[in-house]
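Please put together the full structure from these sequences, using the hints given.
So the sequence lines, in the order shown, correspond to chains A and B.
So that you can map any letter, position 248 of the first sequence is 248 in our numbering, and since no number is skipped, the others follow by simple counting.
So that you can map any letter, position 278 of the second sequence is 278 in our numbering, and since no number is skipped, the others follow by simple counting.
Fair warning: there could be bad hints in the mix.
Below, a list of computed lysine-lysine pairs in the DSSO-like style, where the Cα atoms sit at most 27 angstroms apart [as the list claims (entries may be wrong)]:
1. A:258 with B:101
2. B:114 with A:143
3. A:143 with B:101
4. A:15 with B:15
5. A:101 with B:250
6. B:143 with A:143
7. B:17 with A:143
8. A:101 with B:258
9. A:101 with B:114
I should point out that these hints are in silico values taken from the structure, not numbers from a laboratory.
All values reported here derive from a predicted model rather than from experimental measurement.
Number of protein chains: 2
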Amino acid sequence: MDIFTEINPVRAFLKGKRRQNFSVGLVPTMGALHQGHLELIKASMMENDLTVCSIYINPTQFNNLSDLEKYPRTLESDKQLLAAAGCDVIFAPTNTEMYIKQSDLHFDFGHLDKILEGEFRPGHFSGVALVVSKLFNIVQPNKAYFGQKDFQQFKIISKLVEELLLDMVISSVPIVREPSGLAMSSRNQRLSDADRAKATLFYQSLLMAKSLLQKGNPLEFVKTKVREKCGVVQGIKLEYIELVDIENLKPSHFVPSKTILLIAGFVGEVRLIDNLLLE
Amino acid sequence: MDIFTEINPVRAFLKGKRRQNFSVGLVPTMGALHQGHLELIKASMMENDLTVCSIYINPTQFNNLSDLEKYPRTLESDKQLLAAAGCDVIFAPTNTEMYIKQSDLHFDFGHLDKILEGEFRPGHFSGVALVVSKLFNIVQPNKAYFGQKDFQQFKIISKLVEELLLDMVISSVPIVREPSGLAMSSRNQRLSDADRAKATLFYQSLLMAKSLLQKGNPLEFVKTKVREKCGVVQGIKLEYIELVDIENLKPSHFVPSKTILLIAGFVGEVRLIDNLLLE
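So this is what it looks like as structure tokens:
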């Protein structure tokens, strides 16, 4: 496994590989790897000759300084996990490598970045688009892999690739869950055992909402039920529960097979998100 | 000379050339070519194995529908000029090839796109950044060439390349002028003979401003003199005359060798721009 921390050497390395007709898969991460990330690595390894995993905690996508400071950092164990998984290349740059100076460039995706996470994390998706553009331009992958847990991020990056005519394919990999149903997330590392148990409430809420919708209950009634369910648990602060069209993320009523339920909220000080495709 | 109108074939063609280690220069144009464009082609041919000229009138960078409709279109003579100049590839796509659907993506460059042209042509530079990103991602040039006449555009594209870590070099080529001093521009084709004579006023104003500044006159006095000079000529409508730092386009007082004078205005219905580096 080759490990790079600078742009020019990884570019030169990958240029050589592309000249040998290697196809390149990219899995962008912020480290603190878990089984969800390893599924992305596995998908990339199956579909490409060479898999690059980037590990970089991008400051411009954090709207909350404390969230940035407390984001888990586990580089040594990340390296071991990636080596064991058979990943070919790690790219783990520093801030000064990724940002020569303070960034003045911002992206606006219209409706796509104004709702859901965009509403509660202003500037988040502009920072995501910026860092992902950088990573795409450094690695120039044939295919890049993102987790379905960050569904809105996947839609925005798909939009970026479509609009800028980037010569690559973007792939979404299903959510990996703990046996409890909790969606795997690097931020779960920050949960106490008690909070980890409480955090399963979000997935339970999604399942309940799905079931209620399938029984024909109106959306507003279902949302009220979820708010009530979360409201009674101490330490849980629901931010949103929404049903949107999977194509354009416009608010949706219940139309089977083309909608997604998304939920976000705090368990103590840790903000978590989850979602469920309705089929 | 190879002529392409679709993205996939030109991509495949250039991929083959890059595999043979050809370096690629890109000259993005909106057609209606003149000697200024041919200097860009010449610069690219000297520095690259293969030169691509794109010809595409990008609707998203026009803030004024009439300006878009009246923009000169001379594709057949453009092809002849490029063939005679020795250009290797023309890429002249249609709107449906460049924009699958209405664009929802907008770029914000902070101060850089709020002033000068950005102030008078809202949305212009977002459209420029969008189409140039598309062209860069289609052609993947080693080097791309832009005219100094569109100085602010050059700065914004340089910023785009720097921020997104695009693996290419951006080059600016000096303004080419008519014997009268008029900066060459595709829009000059729309001028009557009488208006073409009047249009020299902008370059004359730049020269006068430079001279007055070099004699130690304060900037506000110099701007007033230019406004007076333009104000007395019927059919001329000055939009701005500004002195800014060449690095960050911040308003500047007269500091030799690091500033640029920029002017913009209408001659009849035709909007023209010009500039002069102060050394």
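Verification of the supplied hints:
1. A:258 with B:101: holds, 21 angstroms
2. B:114 with A:143: Judged against 27 angstroms, a Cα distance of about 36 angstroms means the pair is violated.
3. A:143 with B:101: Status holds; Cα separation ~23 angstroms.
4. A:15 with B:15: holds, 13 angstroms
5. A:101 with B:250: holds, 17 angstroms
6. B:143 with A:143: holds, 25 angstroms
7. B:17 with A:143: Cα-Cα ~22 angstroms, so holds.
8. A:101 with B:258: Answer holds: residue 101 (chain A) to residue 258 (chain B) is near 21 angstroms, not above 27 angstroms.
9. A:101 with B:114: holds, 20 angstroms
Violated hints amount to a single one, hint 2; each of the other numbered hints is respected by the structure.
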